[in-house]
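*Asks:* Taking the working numbering, I'd label the letters of the sequence shown as residues 997 to 1674.
Hints may be right or wrong, so weigh each one.
[Unchecked claim] Calculated pairs, DSSO-like style, for lysine-lysine (alpha carbon to alpha carbon, straight line, at most 27 Å):
no.: 1; residue 1: K1503; residue 2: K1467
no.: 2; residue 1: K1575; residue 2: K1634
no.: 3; residue 1: K1423; residue 2: K1316
no.: 4; residue 1: K1501; residue 2: K1438
no.: 5; residue 1: K1083; residue 2: K1222
no.: 6; residue 1: K1191; residue 2: K1152
no.: 7; residue 1: K1503; residue 2: K1438
no.: 8; residue 1: K1607; residue 2: K1634
no.: 9; residue 1: K1423; residue 2: K1634
no.: 10; residue 1: K1083; residue 2: K1231
no.: 11; residue 1: K1222; residue 2: K1152
no.: 12; residue 1: K1083; residue 2: K1152
no.: 13; residue 1: K998; residue 2: K1152
no.: 14; residue 1: K1231; residue 2: K1218
no.: 15; residue 1: K1461; residue 2: K1503
no.: 16; residue 1: K1191; residue 2: K1222
[Said to hold, decoys possible] Simulated DEER-style distance windows between Cβ atoms:
no.: 17; residue 1: K1503; residue 2: P1291; range: 39 to 47 Å
no.: 18; residue 1: S1530; residue 2: S1013; range: 45 to 53 Å
no.: 19; residue 1: G1626; residue 2: A1314; range: 36 to 44 Å
no.: 20; residue 1: E1229; residue 2: A1187; range: 23 to 31 Å
Calculated from the structure, these hints are not laboratory results. Just so it is clear, the structure is predicted and the values come from calculations on it, not from any experiment. Glycine included, C-beta positions come from ideal geometry on N, C-alpha and C.
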Amino acid sequence: WKARDTRLNRTVAIKTSHTHLNERFEREATAIAALNHPHICSLYDIGPDYLVMEFIEGKPLAGPLGLEDALLLAGQILDALDAAHRKGVTHRDLKPANILVSKGEVKILDFGLAKIDGPTLPAGTSQAVTETTPLTREGTVMGTLPYMAPEQIEGKPADARTDIFAFGVVLHELIAGRRPFTGASQARLIASILKEPPPSLRDFQPATPPALQRVIETCLEKDPDKRWQSAREIKHALEWIAAESPPPAIPAGPVKPWQALAALFALVALGLAIWMLWFNPQTSPSMTQFQALLPENLTFKYSMSLSPDGRKLVVAGAEKSGLWIRDFSSLEWRSLPGTEGANNVFWSPDSRFVAFGTDDELKKIDTAGGPPQTLCAVHGITIGPGDWSRDGVIIFGSSGINAGGPVWKVPQTGGTATAITAVDPAKGELFHWVPTFLPDGKHFVYVRSGVPQVRGIYAASIDAKPEDQPKELILNTLATASYADGHLFFINQNTLMAQAFDAEKLKLSGEPAPMVEGVEASWFNLGVFSVTHSGVLAYRSGARSVNRQLTWFDRQGNILGTVGQPGTDTSVRLSLDGKRGVVNDVSSKTSGLWNVAGNLWTLDFAGGQRKPLTFLRGNLSYGMWSPDGGRIAFASGKGLDTIYEKPSSGAGEETELLKEPGVAHEPTDWSPDGRFVL
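Full structure from sequences and hints, please.
*Replies:* Have a look at this one:
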């Protein structure tokens, strides 16, 4: 039964019996209670005639599947079997009906027929030989006979190798879409299991590697001594096969019009990028590309990261949506509970943990399950993106215009964060962020954000003092950079660029080459992309704000009308009487910390006139109206270090109100008496 646990507010599955706790229930409860594994169904409670178990919203394992998907699921089954066998538990009833697949993860169920050795066996429990329901008509199999090992059929003792035989049957069926042993009657099926060799998988999947056929044949040996002796051995063999077998290309299906529109703004496009394209232009690389629609109703927070092995993608949702993870072997996304408000995500080098910031705290979470753990807190800043070395060191930056924060480091086990760079406000620096480790695990590249004279990509070392870090500029850009396979990747006006980078000399070489056009850039030109050393690239398509349109709404959300042309004005501040507005016409292709090279214009809503207010070069803030509508205040200059006012008619020159070198300003309000600007 599906039920609700009202104490812990969770959905559970209840398994009932017509009698008080019978031998099969007691056996199942004892077996599951002895095991605690993410791929084995959990037992929550037990009663006189019922078991309360984990509710799994999935479907029974079924084939045929592609080689990559089949091996991934097989590895999870083997992990569960290995955990059970090490506890002295033999399942004895392994079959697809007892293996549910939910969001790309398997769960093994029904240990009611398990054989339990050692201290986990309850007193008085017998080890009766499992009985199966006989075949009642030709061609129909009842019970588990098709998955039974020869020793089970002959009534001999079962052990871990019995499960290995059943696993071989399951894996064969998962790839071929049919079982290796068949028969039109019970007698013929038994004879097939006892006498016949399994058919070749190449008869069903021509691309099956010979090594995989040998692995399954060894699982299905009639003599238990000739089989694999542990599930872990098989897991290693399958991992070697997967590493040596290239993933098959994913065929492209027809694209519907609404899907094409969604792809521009709401799809993450992923490609297996073969860097040999640069190293050897004569080589014709293979490439697989596909699109992944984001979870339904998720508002993307412009933060995502690929796992180092290139198999998983994690994205951050806005507000309380938290983190969502997608394993590319699955079609489903799953949320990571406890990550509400998370942002600026990055992975551990083993692709197991995800680190993320929540305001001024850095946390990590095991993607296989469990609550988040707080690693450190740095008060007064917002945790920015970071990186995680194989030596167990985490580095992360600071985020936000007024953060004034450096790059920090903290052990992967948690502790006190230590600053490893120093922000110099006197030179117009604001904050340092988005550090990425270089191959030695000691040096890293990062971004200094601030005025044009200092902003760009720099290198540093986790072992150097903040004041001793190198001062040499590597790349003068507003964009952030990511290092992978001897290249720096960065965004230049919505185009992902790559340029060769010597990680020992800390110098760029050659010319930057465009990789992908139309990559979306976030507020600070972070660039919504992620690259891995394993040769995988993920990016979100669509240039930000291209179709932004100033629009009037009423209080009920109904559109009353539009102002100007799409993409020409990116913001508006209304005069107190609501009859005019001041807008910034910065190009939608220009992204960065501030609106660069834009100008202010005034709009007359009644007459539809649009008149220029400023003709300045450099950084420019938004405008703010005086109470009487006669003046407009704004910030400009190096790093927005100067506040000006100008008549709203556009006539005359700007008047300087305040100048503070190295300090950014933006007028946000004007006092009702017109004497003060906030």
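*Asks:* Indicate, hint by hint, whether the structure satisfies it.
*Replies:* A quick look at each hint next to the structure:
1. K1503 / K1467: holds, 13 Å
2. K1575 / K1634: violated, 32 Å
3. K1423 / K1316: violated, 38 Å
4. K1501 / K1438: holds, 14 Å
5. K1083 / K1222: holds, 23 Å
6. K1191 / K1152: Holds. K1191 to K1152 sits at ~17 Å (cutoff 27 Å).
7. K1503 / K1438: Between K1503 and K1438 the Cα gap is close to 16 Å, so the pair holds against 27 Å.
8. K1607 / K1634: Given that 27 Å is the threshold and the Cα spacing comes to 25 Å, the pair holds.
9. K1423 / K1634: holds, 10 Å
10. K1083 / K1231: holds, 18 Å
11. K1222 / K1152: Judged against 27 Å, a Cα distance of about 16 Å means the pair holds.
12. K1083 / K1152: Between K1083 and K1152 the Cα gap is close to 21 Å, so the pair holds against 27 Å.
13. K998 / K1152: Answer violated: K998 to K1152 is near 37 Å, above 27 Å.
14. K1231 / K1218: Between K1231 and K1218 the Cα gap is close to 21 Å, so the pair holds against 27 Å.
15. K1461 / K1503: At roughly 21 Å apart (the allowed maximum being 27 Å), K1503 and K1461 satisfy the hint.
16. K1191 / K1222: Holds, at about 15 Å.
17. K1503 / P1291: 39 to 47 Å: holds, 42 Å
18. S1530 / S1013: 45 to 53 Å: holds, 49 Å
19. G1626 / A1314: 36 to 44 Å: holds, 39 Å
20. E1229 / A1187: 23 to 31 Å: holds, 29 Å
The structure fails hints 2, 3 and 13 (numbered hints given earlier, in ascending order).
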